[in-house]
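Model the placement of chain X on the given structure of chain P, informed by the hints.
Take a look at the letters that make up each chain.
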Amino acid sequence: MKRRPPGGARRTRARWVHRLQNELHDHRRNALSSLRRLAATPFQSALTVAVLAVALALPAALLVAVAELERIAGGLDLEGQITVFLRREVVPEAGRALAEQLAQRPQLAAARYVSSAEALAQFREHSGWGDLVELLDENPLPASIELVPARPLAEDLEALRGLAAELEARPEVDQVVLDVAWLERLAALATLVRRVGWGLGATLALGVLLVVGNTVRLAVESRREEIQVVMWVGGTDAYVRRPFLYTGLWLGGGAGLGAFFLVWLGFRLLRLAVAPAAEFYPALDQLGGPGAAACAALVGVGALLGLVGARLAVAAQLRTLRGP
Amino acid sequence: MIRFEHVTLRYPSGQEALRDLSFALEEGEFAFLTGHSGAGKSTLLKLILLLERPTRGRVLVKGKDLAALDRRQVPFFRRRVGVVFQDPHLLLDRTVFENVALPLEVMGFPRADIPRRVRAALDKVGLLDKERAWPGHLSAGEQQRVGIARAVVHKPRLLLADEPTGNLDPELSAEIMALFRLFNEVGVTVLVATHDVELIAPFHCRRLHLRQGRLAEPPP
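Residue numbers (my numbering), protein chains in the order written: chain P, 3 to 326; chain X, 6 to 225.
None of these hints come from the bench; they were simulated from the model.
The structure displayed is predicted, hence computed values, not measured ones.
One should not assume that every hint holds.
Derived, one-sided and incomplete: chain P residues facing chain X with beta-carbon distance under 8 Å [claimed, not checked]:
(1) Asn-24
(2) Ser-224
(3) Arg-226
(4) Glu-227
(5) Val-232
(6) Val-235
(7) Gly-237
Pulled from the structure, derived: some chain P residues nowhere near chain X, Cβ distances all over 10 Å [unchecked claim]:
(8) Leu-134
(9) Leu-202
(10) Gly-236
Ideal Cβ positions, reconstructed from N, Cα and C, are used throughout, including at glycine.
Just chain X, same shape as in the assembly:
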């Protein structure tokens, strides 16, 4: 699904965020991306989303070299990926329903289909009763779940998450992780970046550990 081949990313300042990074993630896999903050986790996810481009090396998604995508094609590529951030970036002037419906509107889904799909996504994250609520009135955990509903409402085959539990207490964090697990069980490839090693201990999943921009053995 995802393949990095000798990827190096050097910022204009000269700082190297990633160094000669190679790995592959199979379709349907669930993997954690760990490492201290600044180790390059976010940068790696940004490369997959085409928010950054590698200085050297290739990033392939589903066998396709992302370097071959021109600016016009980038939006259509992003539609195949769901993404969750530490800050869910909800739009506060829109209801929960409207926030979750946004990707469907952007992608031009038939309008008649939108309510059904939005409610299915809200149902999965357990917030069906909150569709009319304003995001500002929700708890942090609920906001993050709305963000997840928005990331999966269009049923992407690949889900990326960058510190999705960064603002949450351990109990809520475990809930969120369980949600990702659920999506993985129906075949979605999931890659979760987190620095919270204790949180992922119960999951016996693949772990990609980054240290100073390189893949490293995870500390025990």
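This is chain P alone, in the form it adopts within the complex:
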């Protein structure tokens, strides 16, 4: 019966292709029948998917919010946030020369020399305390150089801080003011929210595993007879597991899609809510929402969690069915 016909290689290949076809067919059959079984109890399945979707949506919303916050902050116009105050004894020519020299730095887009007279004129114009200046005998304002970073401040913060320290060490420089406290606070807030998001994500991922695991456990329970027969006639563990893994995959993937929809809807509503404020804070107009990458990530993470939850549940059930 096992005689090898001539042309063994070709035959081996044919068998290999045939096995692959069988395998693919079996996957498709299981994928569809799992979906049908879920559809047979639509209310129950929808409820499970909804619970999972909410669990995934909460951390996802936080993480998307942080990403949006950082994106918007990074794009804000931050011109004039760095000012280099020069010592009194530095003559205007030397100041201008330094400004020209600084403008060559790669981190900077421009460097403008502001003489003490110009500074006083600006103060008079903008501060509303112009009359006060008349009382003074001499101009108290120092000359300065205003630096314009080449890239958004948030992206280049470390390099600019280094530059500030370097300039402060120069003899002609009195003080460098790098107004980044609010940026640092924002970054700290973003880090905090992101950590909360991940922590919540890890906790809720565990919840997803448990919910999927329990659903799959019930599914295995209701098909005990079938599994028993399959094992008697020589079904491998993989064969027995397969339909349940697909159940987990569908539940998890569906939940990921549902979560994406929830987060998307949330940001839509948020945009509506902030629309009146956007008149005064134009940056809010840039508020987006979860994109295609977030959708793919949510579906992927959901499907993976579903698969793992199903796998754990089936493994536990198989142990009781398998015997010694």
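Chain X alone, transformed into the frame defined by chain P:
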């Protein structure tokens, strides 16, 4: 084909189902396994199917020690054995055809071959016209015959049956036994466990009689 060497099986409760049991069944043999219920008949069959493992001793099938099979290999070993139970364990949400096709699907037979093999098996048990029927609509005897078709559809060399006629009247039981005989005639080794001594009287076959987990002389 089957060889038991000093097999003892003690359950965790301390109860001994089989005690120092040794026997051999040759290839192509037809044998009955008799004894009262609780004598260890089912346990013996479970050992051959690897549904139980012996506490002591060895079980060999085709010269191979079953203890050497690890968990991964067990399914592939079971594919070489056909098994019939008292309750045929048919899946009620599948047609007769689908029930019989199950082992072939599990084993990954070419899909194009499945209908032909299923019909050949149904033909042997005389149920070719019932392939589209639901098992729940069949009589007990027909259900058992579907179970037998499922057990032989992949042409195993060894067929085990545990009280296959337990739920059937004498006439149907005789039919089922005749079926087993038929498979034996084409070379399948058959081992049938039954407590129904009258049923097997007409068959002049080897008889393994179990009493309290040991081989014993059958009562006259």
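Hint check results:
Checking Asn-24 (chain P) against chain X: minimum C-beta separation of about 5 Å stays under 8 Å; hint holds. For Ser-224 (chain P), the interface hint is violated, since its Cβ never comes within 8 Å of a Cβ in chain X; the closest pair sits about 11 Å apart. Residue-level restraint check for Arg-226 (chain P) is violated (minimum Cβ-Cβ distance to chain X is 11 Å; threshold 8 Å). The beta carbon of Glu-227 (chain P) comes within 7 Å of a beta carbon in chain X, closer than 8 Å, and the hint placing it at the interface holds.
Proximity of Val-232 (chain P) to chain X holds as hinted, the smallest CB-CB distance being about 6 Å (cut-off 8 Å). The beta carbon of Val-235 (chain P) is positioned within 8 Å of a beta carbon in chain X (closest approach about 4 Å), and the interface hint is therefore held. Annotation: interface hint on Gly-237 (chain P) holds; nearest CB of chain X at approximately 4 Å, less than 8 Å. Residue placement check: Leu-134 (chain P) keeps its beta carbon more than 10 Å from all beta carbons of chain X (closest about 90 Å).
The Cβ of Leu-202 (chain P) sits about 39 Å from the closest Cβ of chain X, beyond the 10 Å cut-off, so the non-interface label holds. At the 10 Å boundary, the C-beta of Gly-236 (chain P) falls inside the reach of chain X, the nearest C-beta of that chain being 4 Å off.
Consistency note: the structure conflicts with the earlier hints numbered 2, 3, 10.
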